[in-house]
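Enquirer: So the chains spell out like this:
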Amino acid sequence: MAEKKKKLLQGNEACVEGAIYAGCRFYSGYPITPSTEIAEGMSVRLPKLGGKFIQMEDEIGGIAAALGGSLAGLKSMTATSGPGFSLKQECIGYACLAEIPLVIVDVMRGGPSTGYPTGPSQSDIMQAKWGTHGDHPAIALTPSTVPEILSETIRAFNLAEQFRTPVMVLYDEILGHMREPVTIPNPGDFVVEDRAKPEVKPEEYHPYDDKFLIAPLAPFGSGYRFHVTGLNHKQDGFPTNDSKMIRENNERIMRKVHVNRESIWKNEEVMLDDAEVAIFTIGSTARSARFAVNELRKAGIKAGLLRPLTIWPFPERAVAELSSRVKAIIVPEMNLGQMTLEVERVAKGRCAVEGRFRVDGEPITPSQIFHEVRKYL
Amino acid sequence: MSERYEIRFSGSGGQGMILAGIIMAEAAAIYGDKNAVQSQSYGPESRGGASKAEVIISHGPIDYPKATAIDCMLAMTQEACTKYHADIKSGGILLVDSEEVKTLPKGDFKILSFPIIGTAREELGKTIVANIISLGMIAELTGVVTHEAVEKAVLSRVPPAFLDLNKKALQIGFEKAKTLK
Chain A
1 MAEKKKKLLQ GNEACVEGAI YAGCRFYSGY PITPSTEIAE GMSVRLPKLG
51 GKFIQMEDEI GGIAAALGGS LAGLKSMTAT SGPGFSLKQE CIGYACLAEI
101 PLVIVDVMRG GPSTGYPTGP SQSDIMQAKW GTHGDHPAIA LTPSTVPEIL
151 SETIRAFNLA EQFRTPVMVL YDEILGHMRE PVTIPNPGDF VVEDRAKPEV
201 KPEEYHPYDD KFLIAPLAPF GSGYRFHVTG LNHKQDGFPT NDSKMIRENN
251 ERIMRKVHVN RESIWKNEEV MLDDAEVAIF TIGSTARSAR FAVNELRKAG
301 IKAGLLRPLT IWPFPERAVA ELSSRVKAII VPEMNLGQMT LEVERVAKGR
351 CAVEGRFRVD GEPITPSQIF HEVRKYL
Chain B
1 MSERYEIRFS GSGGQGMILA GIIMAEAAAI YGDKNAVQSQ SYGPESRGGA
51 SKAEVIISHG PIDYPKATAI DCMLAMTQEA CTKYHADIKS GGILLVDSEE
101 VKTLPKGDFK ILSFPIIGTA REELGKTIVA NIISLGMIAE LTGVVTHEAV
151 EKAVLSRVPP AFLDLNKKAL QIGFEKAKTL K
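One line per chain: the protein sequences are A and B, in this order.
Anchor point for the first sequence: position 369 equals 369 in this note's numbering, and the numbering is continuous, going up by one each time.
Anchor point for the second sequence: position 34 equals 34 in this note's numbering, and the numbering is continuous, going up by one each time.
Certain hints may be false.
[Stated by the list, open to error] In silico lysine-lysine, DSSO-like type, Cα no more than 27 Å apart, as pairs: (1) Lys89(B) <-> Lys6(A); (2) Lys168(B) <-> Lys152(B); (3) Lys34(B) <-> Lys4(A); (4) Lys167(B) <-> Lys7(A); (5) Lys152(B) <-> Lys6(A); (6) Lys181(B) <-> Lys152(B); (7) Lys168(B) <-> Lys7(A); (8) Lys7(A) <-> Lys152(B); (9) Lys126(B) <-> Lys102(B); (10) Lys34(B) <-> Lys7(A); (11) Lys5(A) <-> Lys34(B); (12) Lys89(B) <-> Lys181(B); (13) Lys167(B) <-> Lys5(A).
These aren't lab readings, by the way, just hints derived from the structure by calculation.
For reference, chain A alone in the conformation it holds in the complex (with noise of 0.2 Å):
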């Protein structure tokens, strides 16, 4: 076996590792801070892969491009922050429906607008699964160390390429720009999840064919011909009328997604079963979060972490279990209250939900989650 490399690595250095772990071979983009190290690190490594790198006019350009590379039948990505996050939303609900797998990464800073380009976010959660106009399925993983954010951008090529759908990667400024010892791993330690290719001959080849809850994708240029478009299609892609395939195709879009959450939902638990009080957050505010857990229950508080990794599909089974198990749920997160409103939801007032937020572009810190949890023992 290969001897494993320890290295100090920046977030954004990481998730250019992850990406092209993954076997990504097309990046198209604009950089923007605090996400531009990942374009600069793909720009360094695919060249020498035989992979693409392509900077663009602008972030729309940058999404438009890549969609192009996955039909073409590359595992592609593109990066970038909250305001170039809102300008490339059209071309994610184009990706939704077309049903083309791509990987989005957006290093989160203050907003709205241009706002706070080098200050920590986590103003982009709802965005995530709304941005975007219709009725669409949303996957967006929260890595909360540099080791996980190269391990949940593998993640996020696998569940695109399995669900033939965008998946979203949201860290903050904190974790894109921190360096961490990470191990660069060695084929084979993670799984790396390839498209489907499709079985029959192109002239029977329908990329949105109905036997399937997800059809095999042919790439462009290998002899399958068809037709993509962001209309209400048809089996073969082209545009329809027809209420009931419109009706049938928006809701297996959401439907795959869905009857797929349980494989999708990745959750830590850190101190929850005896957790009176629990918190619920994400990325760098986690980090604090279990630094506030330890010291509760140094104190002898009896204090708890849900902390999910997929932040959507929201982790609604986990959250209704804690919701009726616990005293309250507190919900610290860099923005005013995005998270807290999903968890009130899903609680359905079984537990006091109390979200506490922060938007000076300065963390929120361990003693600040540990006053909050102390109000409620």
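Start from chain A and add chain B according to the hints.
Expert: Structure of chain B alone, referenced to chain A:
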């Protein structure tokens, strides 16, 4: 939880404070046997403005990546010293550049004042390596990483043409810090 050792490098953008933080973290976690997390904060400008890099070193997992109670802080400018010294813990160390920092903060910590940039200029003819001198001084003053580990970390980060210069700068840092102890 394992003990955290917290170091903050502060100065103005372009002085190499973030690089110093990265090298310290590599000395601890890649060339040493500890865990380390390095983080930073800076303004939108690429030069100037107060900038800081923080390194947390521990034998165990490091949850919160930012400084909470600083064991050792370096301030290369007056602005950074004034802005960032408040988190130094009781009994901690503040190392300042004596030519830049004239107004020393009051606090329950030890202040060491030394012409770091002046030494780089006079002994090596290049102020650019002031950050490496300060890195050597901090390694010596804190003992949190070995001389060997920090030297390996420095040499792995600098271009081949500047290996000797940086090696000398680091040695000067070790030596000068001994005189302050």
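Enquirer: Which numbered conditions among the earlier hints are violated in the structure presented, ordered from lowest to highest?
Expert: 1
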